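Novice: Here's the letter readout for the chains.
Number of protein chains: 2
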Amino acid sequence: MAVVAMWKCDRDNTMFDDKKQADAYDKMLELAEQFTALLESQVAGIDEKAAEAFGLLLANNKEQVAMACKGKPEVLAEILNPASVTDIAEAKAAG
Amino acid sequence: MAVVAMWKCDRDNTMFDDKKQADAYDKMLELAEQFTALLESQVAGIDEKAAEAFGLLLANNKEQVAMACKGKPEVLAEILNPASVTDIAEAKAAG
Chain S
0 MAVVAMWKCD RDNTMFDDKK QADAYDKMLE LAEQFTALLE SQVAGIDEKA AEAFGLLLAN
60 NKEQVAMACK GKPEVLAEIL NPASVTDIAE AKAAG
Chain X
0 MAVVAMWKCD RDNTMFDDKK QADAYDKMLE LAEQFTALLE SQVAGIDEKA AEAFGLLLAN
60 NKEQVAMACK GKPEVLAEIL NPASVTDIAE AKAAG
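In the order they appear, the protein sequences are chains S and X. Residues in the first sequence are numbered from 0 upward in steps of one, following numbering that gives the first Met the number 0. Residues in the second sequence are numbered from 0 upward in steps of one, following numbering that gives the first Met the number 0.
These are calculated hints, taken from the structure and not from any lab test.
Pairs involving identical chains hold if they fit within one copy or between any two copies, as the list cannot separate such chains.
Calculated lysine to any residue pairs in the SDA-like style (CA-CA distance at most 20 Å, straight line):
(1) 69 with 28
(2) 26 with 90
(3) 18 with 70
(4) 71 with 9
(5) 91 with 65
In this text the structure is predicted, and so the values were computed from the model without any measurement.
Could you build all of it, start to finish, from the sequences and the hints given here?
Specialist: As structure tokens, then:
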């Protein structure tokens, strides 16, 4: 039998057979942790699980967050209402 | 005496004598409101003032937030520690 390389994200032990995916996942978790740390530092007593979930929400929607910061704040509202999702390529084309 | 054009941001009645500044301020407040709305929708019972302050913090640091989403999550930590601020032009140059 062959031996197959696997990649483990040591933040939560998720396994990947593709390094690029593992790197992207690790970067997403790092971004989530940074958002969570920032939130926890600003909102005293915030529920840890809720703060983590919010960090993940922003990290998992980082394209919309970046677009909102670049002049399209309304895109943030679409994070919770995918039905009204602006196609990212279309939004970028609209510049 | 002359009559001078002024621009009022109707979100909080802040006055400007420069339209471009007024527009930028209005856009920043809109971004802050969107972040606050997203946070309030995700973290039940969060203190309204704290949620507003967090929205403003992200909106006032939108360059760092966008940069964090584009692959430099560590930049978020600099929002609270300006001493270690990466010069944005330098960070962009580093690509």
